[in-house]
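Participant: Here is what each chain is made of, one letter per residue.
Protein chains: 2
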Amino acid sequence: MLFMNRHELKDLILKKRSFLCVGLDTRPDGIPGFLKEVSEDPVFEFNRRIIDATIDLAIAYKPNLAFYESAGSKGWLSLEKTIHYLANHPRGPVFTIADAKRADIGNTAQQYAGAFFEHMPFDALTVNPYLGRDAVKPFLSYPGKWAIILALTSNPGARDFQMLQPQLPFFLEKFGIKTSYGKKLFELVMEESSRWGTPDNTMFVVGATHPGFLSSVREIVPDHFLLIPGVGAQGGKLGNIARMVINKDVGIIVNSSRDIIYASSGKDFDTAAKMAAQALQQQMAHILKTEINQ
Amino acid sequence: MLFMNRHELKDLILKKRSFLCVGLDTRPDGIPGFLKEVSEDPVFEFNRRIIDATIDLAIAYKPNLAFYESAGSKGWLSLEKTIHYLANHPRGPVFTIADAKRADIGNTAQQYAGAFFEHMPFDALTVNPYLGRDAVKPFLSYPGKWAIILALTSNPGARDFQMLQPQLPFFLEKFGIKTSYGKKLFELVMEESSRWGTPDNTMFVVGATHPGFLSSVREIVPDHFLLIPGVGAQGGKLGNIARMVINKDVGIIVNSSRDIIYASSGKDFDTAAKMAAQALQQQMAHILKTEINQ
Numbered sequence: 001m002l003f004m005n006r007h008e009l010k011d012l013i014l015k016k017r018s019f020l021c022v023g024l025d026t027r028p029d030g031i032p033g034f035l036k037e038v039s040e041d042p043v044f045e046f047n048r049r050i051i052d053a054t055i056d057l058a059i060a061y062k063p064n065l066a067f068y069e070s071a072g073s074k075g076w077l078s079l080e081k082t083i084h085y086l087a088n089h090p091r092g093p094v095f096t097i098a099d100a101k102r103a104d105i106g107n108t109a110q111q112y113a114g115a116f117f118e119h120m121p122f123d124a125l126t127v128n129p130y131l132g133r134d135a136v137k138p139f140l141s142y143p144g145k146w147a148i149i150l151a152l153t154s155n156p157g158a159r160d161f162q163m164l165q166p167q168l169p170f171f172l173e174k175f176g177i178k179t180s181y182g183k184k185l186f187e188l189v190m191e192e193s194s195r196w197g198t199p200d201n202t203m204f205v206v207g208a209t210h211p212g213f214l215s216s217v218r219e220i221v222p223d224h225f226l227l228i229p230g231v232g233a234q235g236g237k238l239g240n241i242a243r244m245v246i247n248k249d250v251g252i253i254v255n256s257s258r259d260i261i262y263a264s265s266g267k268d269f270d271t272a273a274k275m276a277a278q279a280l281q282q283q284m285a286h287i288l289k290t291e292i293n294q
Numbered sequence: 001m002l003f004m005n006r007h008e009l010k011d012l013i014l015k016k017r018s019f020l021c022v023g024l025d026t027r028p029d030g031i032p033g034f035l036k037e038v039s040e041d042p043v044f045e046f047n048r049r050i051i052d053a054t055i056d057l058a059i060a061y062k063p064n065l066a067f068y069e070s071a072g073s074k075g076w077l078s079l080e081k082t083i084h085y086l087a088n089h090p091r092g093p094v095f096t097i098a099d100a101k102r103a104d105i106g107n108t109a110q111q112y113a114g115a116f117f118e119h120m121p122f123d124a125l126t127v128n129p130y131l132g133r134d135a136v137k138p139f140l141s142y143p144g145k146w147a148i149i150l151a152l153t154s155n156p157g158a159r160d161f162q163m164l165q166p167q168l169p170f171f172l173e174k175f176g177i178k179t180s181y182g183k184k185l186f187e188l189v190m191e192e193s194s195r196w197g198t199p200d201n202t203m204f205v206v207g208a209t210h211p212g213f214l215s216s217v218r219e220i221v222p223d224h225f226l227l228i229p230g231v232g233a234q235g236g237k238l239g240n241i242a243r244m245v246i247n248k249d250v251g252i253i254v255n256s257s258r259d260i261i262y263a264s265s266g267k268d269f270d271t272a273a274k275m276a277a278q279a280l281q282q283q284m285a286h287i288l289k290t291e292i293n294q
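Protein sequences, first through last, are from chains A and B.
The first sequence runs 1 to 294 under the working numbering.
The second sequence runs 1 to 294 under the working numbering.
Keep in mind that the hints were calculated from the coordinates and are not lab data.
Treat each hint with caution, since some may be false.
The list makes no distinction among identical chains, and a pair is therefore deemed to hold if it is satisfied within one copy or across any two copies.
[As the list claims (entries may be wrong)] Distance condition first, Cα-Cα at most 30 Å in a straight line; then the derived BS3-like pairs of lysine-lysine:
| hint | residue 1 | residue 2 |
| --- | --- | --- |
| 1 | Lys289 | Lys81 |
| 2 | Lys74 | Lys36 |
| 3 | Lys81 | Lys36 |
| 4 | Lys183 | Lys137 |
| 5 | Lys15 | Lys248 |
| 6 | Lys237 | Lys137 |
| 7 | Lys81 | Lys16 |
| 8 | Lys289 | Lys137 |
| 9 | Lys289 | Lys74 |
| 10 | Lys237 | Lys183 |
| 11 | Lys237 | Lys248 |
| 12 | Lys267 | Lys137 |
| 13 | Lys267 | Lys74 |
| 14 | Lys267 | Lys81 |
| 15 | Lys16 | Lys267 |
| 16 | Lys10 | Lys137 |
| 17 | Lys237 | Lys36 |
Computed from a predicted structure; not experimentally measured.
Chain A on its own, in the form it takes in the complex (with noise of 0.2 Å):
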């Protein structure tokens, strides 16, 4: 899809009754080997029958740029196959996330927006908000394009820098902005880059395995979106998770990549993917209702 607003985003995940996104994390070397044999480029032909499997119980899809860059150029022309297949799809439109966690100065960080909202059409970026403003303005100045900034990750490693407390400069104070005491990096970040953009242009990531402050972040920015992975595989629980955080407009996506794109490894691999993502979209269909009353 070429522009989804936050209202457009609600009422596709009204009316598909699901907020499920299918992380794309195909590794080249892990899909199905029959694959190699019907198709030139079997990580786009594992894409697509994977895509055809789920879309009607999907409102989003995100390839992880990792698993693409280990196989280089070709790797790439995988990825571009696979964006325009879901930017074009009859049964569309579905939102798009290029799982990318990119940064770098601004002039630098432009050349990334082009990459990814120009040369590729996708929706939206996921963004590391390490160096600052001017690494994350370059994604907001696209009209009805996202950045998706990451704020507390789904790994062990969060706790290394995420969840230290910083204490702002005392000078700040002079220009309005709290100095904050006591507050956790990743909730300043997330106050800090909320200001950046609107809740019609930025989401955050919150990882599902930090349930306990997942009430805080809803605090800290009750109107934007929240992408979160880390549910089933990394052990986070969905109902538990969507209770925490949803909100008027819904307000969240939940991702799962490899408990639907490897839910069998033989030539049934698609309609396995399609009964793990009905078992996900079935438990939302039923949040949504017992939630929001939608």
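For chain A, the structure is supplied; the task is to place chain B on it using the hints.
Facilitator: For chain B alone, kept in the frame of chain A given last:
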């Protein structure tokens, strides 16, 4: 070069009397027009001529991924040709850095390591520390390869989070880790991440635009090499910077991108690049002589 350890890097610097890294930030629309007539891959042709013109004056080359990705799979093909040209240059060896600023959770970071250290023969990769230890460790498990961790970047946004003063959770004192009240985030990032590897497989990025912090950086990591961008176009002064961080193993690589590769936009771009590189190399030879008597 497939493997270059710290001592080989030092020897190369002393032999060439240079600690210059040429940043190959090659914008497809920024190269001289005539190259499009002489080559089907003008980006690679530009890089090839820049490399041939500067390789006796530089010890390292650093393509920034953003500039290649803006052209998608075609750009990645230019990058692949460039790294193979560098790795096999008859006037080599040179140290090669993929300036990709990657980071992702452990199993995904492993895929990025495969991309840059196996699929392509880079010596080093720049890495973003926000996701913590398990996002960096996969890059440190390749013998002879290097992770170059972003500490303090050269852009204005460095002030947003890297200069926050975090307080570590008190319980860490139980494990012998100083809670370090009052240190800045980038200092804590260096303290913590310097423990993940050794000075033989880890370097740090510290921007030349923050000369006031260079002494404290050198105190935190006395033995590590520093990769310093931001000299020249972004405003840092080579002599002042180098004197503050040079150590017995030299310990410093200074990057220059635009000032060299875009020294002229005409047919003489490679000769102009050589002259710009030579001016820096001569300053560096002087610094090596006066500062560490080499």
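Participant: For each hint given before, does the structure comply? Return the numbers of the non-compliant ones in rising order.
Facilitator: 1, 8, 9, 12 and 17
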